Amino acid sequence: MLDATTKEMKPRLSGGVINPAKTCQPIGAMYAALGIHKCLPHSHGSQGCCSYHRMHLTRHFRDPVMASTSSFTEGASVFGGGANLKTAIKNVFTIYNPDIMAVHTTCLSETIGDDIPTIIKQSEVPDGKLVIHASTPSYVGSHITGFSNMVKGAVTYLAEATMEEKKEQVNIIPGFVNPGDMREIKRMAKVMGVKNIVLPDTSGVLDSPMTGEFDMFPKGGTKIAEIVDTGNSKMSIALGSFASSDAAYALERKCKVKPAVLKTPIGIKATDEFLMTLSSNFGKEVAKELEEERGQLVDIMTDTHFHFHGKKVAVFGDPDIVIGLTEYLLSLGMIPVHVLTGTPGSKFETEIKEMLARAGIEGSNVKAAGDLYTFHQWIKNQPADLMIGNTYGKYIARAEDIPFVRVGFPILDRSVHSYMPIVGYKGAMRLLEMISNALLDRKDRDSADEDFELVM
Amino acid sequence: METRKKELEKFLDAYPAKTKKNRRSHIVVRDSSLEEQQIIEANTRTIPGVITNRGCAYAGCKGVVLGPIKDMAHIVHGPIGCSYYAWGTRRNKAKTKDGEVNLINYAFSSDMQESDVVFGGDKKLAAMVDEIVETFKPKAVTISATCPVGLIGDDIGAVAKAAEAKHGIPVMSFSCEGYKGVSQSAGHHIANNVLMQRVIGSGEIEEAEGKYAINILGEYNIGGDSWEIERVLKDIGYHVVSVMTGDGSYETLKNAHTAELNLVQCHRSINYIAEMLEEKYGTPWLKVNFIGVQSTIESLRNMATYFGDPALTQKTEEVIARELAAVESKLEQFKKICDGKTAFCFVGGSRGHHYQGLFKEIGIDTVLAGYEFAHRDDYEGREVIPDIKLDADSKNIEEIKVSKDEKRYKIRILKERLDQIKDKIPLSYYGGMIKDMPDGSIMVDDLNHYETEEFIKILKPDILASGIKDKYVIQKMGIPSKQLHSYDYSGPYAGFRGALKFAEDITMGFTSPTWNYITPPWKQKPILDGTVTEGGK
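Each protein sequence line maps, in turn, to chains P and E.
Our numbering puts the first sequence at residues 1 to 456.
Our numbering puts the second sequence at residues 1 to 537.
Don't read these hints as lab results, they were simulated from the structure.
One thing to keep in mind: the hints can contain errors.
[As the list claims (entries may be wrong)] Which chain P residues stay away from chain E? Per the calculated CB distances, all over 12 Å, these:
(1) Glu273
(2) Asp371
(3) Asp441
[Unchecked claim] Computed spacing ranges between beta-carbons, pair by pair:
(4) Gly75/P to Asp235/E: 49 to 55 Å
(5) Ile388/E to Asn381/P: 55 to 61 Å
(6) Leu440/P to Asp488/E: 30 to 36 Å
(7) Gly193/P to Gly120/E: 54 to 60 Å
[Said to hold, decoys possible] Over the 10 Å line for every Cβ pair with chain E, so calculated as not near, a few chain P residues:
(8) Met55
(9) Gln122
(10) Lys166
(11) Glu213
(12) Ala250
(13) Asp299
(14) Phe306
(15) His309
(16) Asp385
(17) Leu454
The structure presented is a predicted model; accordingly, all values stated were derived computationally and were not measured.
Idealized CB from N, CA, C, for every residue including glycine.
Isolated chain E, as found in the complex (with noise of 0.2 Å):
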C-alpha cells in the first residue's frame, strides 16, 4: 500500500502545485486498518484544462431524467446543440401500445439564433409550445434551458405557465443550464424537485392497482435493463407503478404515491425523489442494486423481508432457483476465461460501484473505481451527508421541502416492525462504494485522461468498464474496454438473464482473436534467414 501511495504522488507531481493539491483530495487508496473512514473529494468543480468526462446540468436534467419519458414533448430552449447531442444518444427504450404518444425519437429545439440571444427568445419559445402542443398532443410538455438562457433572462417559467392555461396540459419549466453546478448531477436534482412538485402525485388514483406495489427509481433502462427487472418482479408478485424514468410515462409517474416501497437503483440521480415521496407520503425507499446475480438475489430477498409476507418470500426463493439454475453453470464457463483478471470501474454515479460485484462473480477484481459525478455520500455512505459542506456551486442548486400529504400520507409499514428491519436490509439507506472495496485498491472521483493513463500503468488492469470519450484510448493500448454507459450497444445486463449477457461480453473482449495482430509478426520474429556461427566463420 505504501508503494502504491509513493506512485500516486509521483505521478500527481506532473501537476501544477494548486492542481496537484486539488486532484490529490480526490483520490483515496482503500485502508480498511484506519481508524476513521476514509475522506474523499466529490461535487467540486473540475479544475479548467484537465480532461474530464463529466458533462453539465442540462445533460443531467434533460439528456438523463427527463428525456426517457416518453409521453411528454420534452423542448430544448437554447441553440440547436444542445437538443441535438442529447437526442436518441442514451439507449433509452420505450415502447408503447397502439393509440399511445410516443416521442422518444423526436427532439424539439428552439434553435436560437442571434437575434433571440440579443432581444430574448420567449416569444418563438411559446410559438413553438403551441406549434408542438397543437401536433403531437403529448400528454404534458418539458421546457429544458440551456447556457444562454439563463444569461438574458428569457423566463422560461412564464411560457410555461401561459401554455399551460392555454392548452390545459402541464408545462414545466427546468432551469438546467449547463454551467449549474459542477457535473451533471445538478441537473439531475433541477428535474427532480420538478417532477416532485409538478408530476408525482397529481395523478388521481388513491390505491395502486394491484398488491406489493412498488417505484423503481433510478433506473433508465438502458439496453431494456428495466424490461428485464420487472420481468423477474412480475413474475414474483410484485406490481411495478412507475419506473423512473426508463420507458417511463406521465401517465405512471403521476400515480407513483400509491406505491408501497421504492426501490433506488442509481442513488446518486434520483435519491432526492425517493426522500421526498418518503416524507410525503411515507413510502419508504430500499436501495437496491440489480447488476450482479448476487446483488440481485439479495436485492429480491431484501423486498420481500420488507412486505414480510410468506407467500411472497416463498415465491421470491422459487424464482430465484428458477432463474439461478438458468445462468449458474453458464457463468462459470466464462469465470474460468475471466477468472484472476482486474478492471477498473468508472462510470456515472451508480455502474462504478453495482458492476463491481458482477465482475467479481466472474472472478475479476476491481482495482480502481470511481464516479464522474457522484457525491461523499455514494462513496462514502449516506451517513456522511451531515458532514458534507455545501460550496457555492451546489447551494445555487434549489432545495424543496415537501411536507406530509395529509390525506395520502400513511404509515406503511409499523415502527415496530420496521426498526426490526431496517437491521437487516438498507432501508433510507445507502452504504456508498468504499465500504466494498478492497484494501490496496484505489478509488477516484472525476477521474481525467491523464490519470486514466497513469493508472493504466501502474495497475496494468486488464479491461476497463468506461464511456465513450476513453473507450478507443483504452483499446489503442491494447486494452478491452466496455462502455457501461451504454453496454457497446448490448445488454440488457440487469438481472439474471443480463449477468450471463455481460459475462459473454467481458469474456468476448479477452477472447477477440483480433487483439493478436497488434503486433505485426515481422516484428515479433526476425524474418531474414541466416545461421550464426560461432567466431563468425
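Here chain P stands alone, though its shape is the one from the complex (with noise of 0.2 Å):
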C-alpha cells in the first residue's frame, strides 16, 4: 500500500501534485447550485466534467445528482460554446422546466473565453424562468473557490434591497457542508428565534426520503423569493472564510447587509460564537435547550478525556472544516501535529498556526495548498496517533497502520455521513464519539489478551 512513497522529503520544485487534497471548482459549484429550490446545475464545456462532477457527488451522498451539460466537441472549443449553451438552454427548459438553470465553466469554456453573460442575454429563456452563472475555471483555487463562486452568483444575480429598513431575519451561508449540517444549522437558528434564509440549503435535496417515487426538483433548496430576499436580511453569517465570504460580501455591496464572518461551527467553541453572534444581533437569549445540549457536550468531553488527552493527530480536508476541527481537537486537550488543506489560500496557514501558538504546540506541520503525498510523508516523519480527513486518506491510514476518522467531503466508502451533523453541540458530539471509539477500537486491537478490559 503506497509503498512508493518515501521518508525522504525532497522540495516538489515542479509544482505538481501527487494524490490531491483538492479538486477543481466546478464540482463546488455544481453542489452548491444544488442547494437552491428547483434549479439544474449546469456544467459549460466538455460532457466528462459533468459526468466526473455528478459521479463523485452521488458516491458521496448517494443520492440523485441532476446536471446538465454544455456537451463540447472540437467544434465548440474552436468556435466557441455560445451554440452549445443556447441550444442546451432551450432543452433543458423545455424537457426538464427547472425554475432557473446555475450555469458554472470549466476550464475549458474559461480557456476558450466564452462570455456566459452575454449568451445567457442571447438565449431563449422562457417568462419567468431563471439563468445564473459563476465563472469557475478549474485552474483557479478548488472546489471550495468553486462553491464561494457560485453561492455569490447566485445573490449576485438575484439578492434585492426591497425594504426601506432591514429584517429581523439572518442569511447564513453554511459553506461546503452535507445536508445533516444545514439541517442541524437551520434547526439551532430555530431554536434560537431567529427567522433564517440558509443559502445553499441542500437538505431535502441530497438527503431526500424514499417515497416510491423520483422527483427531479425535490422540496427541499433554497426559494428563489428567498434569495432575493437575503438583500433584505439584517446581516449574513459567513460559516467558514474559504466558502462562504464571499458571498456575504456581495450582500453588503449590493444590498447593504450587515456581514460577519464565522468559523464553521465544528465543536465547542465555535458554536458558542455562532449562537452568540445571532443573539447579541437578534436581541434573543441562547437557547435553554442549546445550553442544555452545550452542557451535555461539556460533560462527555469530561468524562472521557483520559482517552483523547494528548494524542497526536494528523487532520486534513478543506480549509473551513480542517480549521473548525483543529479548534474543536485543541479543546479536547489533543495535538494536531500535521495540518492540511489543498486550497490554496495563507491565511489557512496563518489561522492554524496561531492557534497552536495560543495552545503552546511547537513543532506541528501546517500547510495550506498541499498535497496527501506530502502529507503521507509528514505521518512518515513523526508518527500520529490518529488521522482525520476524507476517504482518500485510507491509503495512508492502512500503510501507516493509523487509526482513521473519516470527516469531510468526500466520503466515499462509507454511508449516512451525509445525514449526520458535525456542526453544533450535537455534531462535536457525534465527533467525539467517532474520535473515542477510533481510538478505543485501536487499544482493544493492539492489547493482549490479559490486557483486553470490559470496563474503560
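Quick one: dock chain against chain with the hints and give me the complex.
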C-alpha cells in the first residue's frame, strides 16, 4: 500500500501534485447550485466534467445528482460554446422544466473565453424562468472556490434590497458542508427564534426521503424568493471564510447587508460564537435547549478526556472544516501534529498556526495548497495516533497503521455520514464519539488477552 | 410492437423538434421480421442540455485504458480535477509481487494554474516528469492531456520525447483532451494507438513462454473479473501473456506480440488493437464473452476449437463440467426468485450486451438495452463497418496504419483450417447486440435521464443495470438498481463463480426487506378505528 512513498522529503520544485487533497472548482459550483430549490446545475464545457462531478457527488451523498452539460466537442472548442449553451438552455427548460438554471464554467470554456452573461442574454429563456452563472475556472483555487463563486453568483444575480428597513432575519451561508449539517444549522437558528435564510441548502435535495417516486426537483433547497429576500436581511453570517465570505461581502456591496464571518461551527468554541452572534444581533437569549446540549457536550468531553488527551492527530481536508476541527481538537487537549488542506490560501496557515501557538504547541506541520503525498511523508517522519480526513486518507491510514476517522468531503466508502451533522453541539458529540471509538477500537485490537478490558 | 412505437412517439414529443428527430434515430424497437437489418445511430454528438451518462475522451484514455497499468506512472497534464476524478474510482484491481513497482494508488497531476494556462504549462510538466521518474522509478510514463492543454498548445509530445532521452525509459504522450470525439470512445482509440506504436512488440521475447499463449483484450479486472477468468484459463492449460489492461503491466504488454490468439472481451474499447495485432503479427482475434455460464462455456469451447488440440479440448470439457457442477444447482435456487422478471441493461461499451445472457440464465428478460459510447458495429455487427460514415468528430481521431512485421509476422493457423473454423467461431467478427435481442425489445444509444424515466413508466422493469449517476434515481422509484460499472463494490461477476455471485446479488436486490418499508403503514390502511353502519345509524 503506497509502498513507493519515501520518508525522505525533497522539495517539489515542479509544483505538480501527487495524490491531491483538493479538486476543481466546477464540482463545488454544482453542489452549491443543487442547494437552490428547483434548480438544474449546468456545466458549460465538455460532458466529461459534468459526468465526473455527478459521479463523485453521487458517491458521496448516495442520492440523485441532476445536472446538464453543454457537451462541447472540438467544434465548440474552436468556435466558442455560445451555440451549445443556447441549445442547452432551450432543451433544459423544454425537457426538464426547472425554475432556474445555474451555469458554471469549466477550464475549457474559461480558456476559450466564452462570455456567459452575453450568451445568456441572447438565449431563449422562457418567461418566469431564470439563468444565473458563476465563473469557475478549474485552474484557480479548488472545489471550495467553486462553491464560494456559485453562492456569490446566486446573490449577485438575485438578491435585492426592496425595503426601507432591514428585516429581523439572518442569512446563513453554511459553506461546503453536508445536508445533515445544514439541517442542524437551521435547527439551531430556529431554536434561537431567529428567522433565517440558509443559502445554499441541500437538505431535502441530497438527503431526500424514499417515497417510491422520483422527483427531479425535490422539496428542499433555498427558494428563489428567499434568495431575493437575502437582500432585505439585517445581517449575513458566513460560516467558514473560504467557502462563504465572498457571498456575504457581495450582499454587503449590493444590498448593504451587514456581514459577519465566523468559523464553521465545528466543536464547542465555534458553536458558542455562532450562537452568541445570533444572540447579540437579534436580541435573543441563547436558548435553554441549546445550553443544555452544550452542557451535555462538556459533560462527555470531561468524562472521556483521558481517552484522547495528549494524542497526536494528523488532520487534512477542506480549509473551513479543518480550521473548525483543529480548534475542536485543541479544546479536547489533543495535539494536531500535521494540518493540511489542498485549497490554496495563506490565511489557512496563519489561522492554524495562531491557534497552535495559543495552545503552546510547537513543531507541527501546517500547509495550504498541499497534497496527500506530502501529508503521508510527514506522518512517516513524525507518526500520529489518529488521522482525520476524507476517504482518500484510508490508503495512508492502512499503510501506516493509524486509526482513521472519516470527516469532510468526499466520503465515498461509508454511508449515512451526509445525514449526520458534525456542526453544533450535537455534531461535536458525534465527532467525539467517532474519535474516542477509533482510539478505543485500536486499543482493544492491540491489547494482549490479559490486558483486554471490559470497562474502559 | 405498434403500441410500443406509438408510446415512443408520444414521449419523444416532449423534445424540441430538432432534438426529437435526433433522438428518434438513436432508438430502435427490435423487429426481426423486417427484411433489412435495423439501423441505429451511434457515436454522434450528445445534444447540449440533455442529461447524459457519457464521459469524455480523457476518461476513456487515462480513466479506462491506461489507468489500470500498474508499473507505469500516469501523469495527467491539466488542472487538478481530471486527475482527481480518475484516481481510484474504477476498481481496476492490481497486485504486484515484492519488489515490483505498483503505482495503482497514486494520482499524478501537473495541477495547472492560471499562469500555466496563460504562459504555457510544458516547463512545469517537464519538471514534474523528472521528479516522478526520480522518485517512483516507473517502468514507463504516460502523459495524458486535458481540455486546456490542447487549446493553449502545450507540446506534450516534445516534453515526452525530451524526458525519454533524459531518463532512458519510455515516456508516451496522449492527446486525449476531453473535447475530442463525442464520448469516452475517442479516448480508447487514442490510447490504443499509442500502446500499439510504443509498447506492444517492444519486448524482446520472440516466443511465448507457454503453450496456447493468449492475450485477453478489453478486460479491465473490475472487481477481480480478470483473475476469475484467468483462474479457469490457466487450469485448462492456457498461458496468459497479457491482459489489456486489467492488472496490466508494461512488462507484460510489451511482449503481447507473442500470443497465438487474442481474446476480445470488450469489443468497443479495444477492437483497434485486435485488428492491428492481426495485421502486424498475424495473430487472429476471437470475440469472447465471459459473462454468464453459457457464454463462458461457449467462449472456452471456441478457444479449444481454434487451437484444435484434442488434449486441450478434453481438458476444456473437464474443467467446464467441474465448474458447472459447482454452480448449476445453486443458480437454480436464485432463478426461482428471479424468474419472469424484466431488466434494463444500459452500460458502457460491452456490458450492455454481455449481461443480457446472464440475466436470461436466472430467468430475467432484458427489455431495453444500450450503450453509452458504442459505435454502430457494437449494435449491428462488424458487417456494417464499411457503411459507417465518418463525421467530423470521428475524423479528428487519428487512424494509424500498421504493416506486417517482417520478422515476427507468422501464420498462426493455416488458411485452410481458418476457413473451416471461421464458420463455427467468431474469429475477427463480432455480431453486435441487436441479433440477440428479442422482438419488441428496445435498443437505445446514449440513453439519457428523461428517456430512462419515460421508458421505466412504459416498460415497468423489475431491475435496472446501469451506473452510479442514475442508480439512486431508479431506486427512488422503488426499483432495484445494479451498478454494472462498479458492481456496487461486489464481484467478480465474470466466469462461473462470478455468475453465481451476480445471481446472488441480483436476488438480494429483489428480496431485501428494505423495499417493504417505502409506504408507511398509516398510508396502507386507515388508522382510526370505527365501524360503518348501514344508513348512518
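Quiz item: Are all C-beta atoms of chain E more than 10 Å from that of Phe306/P?
Solution: Fine: 36 Å to the nearest Cβ keeps Phe306/P off the interface.
Quiz prompt | Exclusion check [Asp299/P not at the chain E interface, CB over 10 Å] | solution = The claim stands: Asp299/P keeps its Cβ more than 10 Å from every Cβ of chain E (closest is about 35 Å).
Quiz item: Cβ-Cβ distance between Gly193/P and Gly120/E: within 54 to 60 Å?
Solution: Distance hint for Gly193/P, Gly120/E holds at roughly 57 Å.
Exercise. May I ask you to check that Gln122/P keeps its beta-carbon over 10 Å from the closest beta-carbon of chain E?
Key: holds, 15 Å
Quiz prompt | Separation of Ala250/P from chain E, once the least beta-carbon distance is taken, above 10 Å | solution = Holds: least Cβ distance 21 Å, greater than 10 Å.
Quiz item: Is the Cβ of Glu273/P farther than 12 Å from every Cβ of chain E?
Solution: holds, 32 Å
Quiz item: Is it correct that the beta-carbon of Lys166/P has no partner in chain E closer than or equal to 10 Å?
Solution: holds, 38 Å
Self-check item: Consistency of the no-contact label for Asp441/P, given chain E and a CB cut of 12 Å
Solution: holds, 22 Å
Practice problem: Say whether it holds or is violated: Leu454/P keeps its Cβ farther than 10 Å from all Cβ of chain E. | Solution: Holds: least Cβ distance 34 Å, greater than 10 Å.
Self-check item: Least C-beta distance from Asp385/P to chain E larger than 10 Å
Solution: holds, 23 Å
Exercise. Hey, is Asp371/P genuinely clear of chain E, shortest beta carbon separation above 12 Å?
Key: violated, 8 Å
Quiz prompt | 10 Å cut-off, C-beta based - Met55/P kept clear of every residue in chain E | solution = violated, 5 Å
Checked against the numbered hints listed earlier, the structure breaks hints 2, 8 and 11; every other hint is satisfied.
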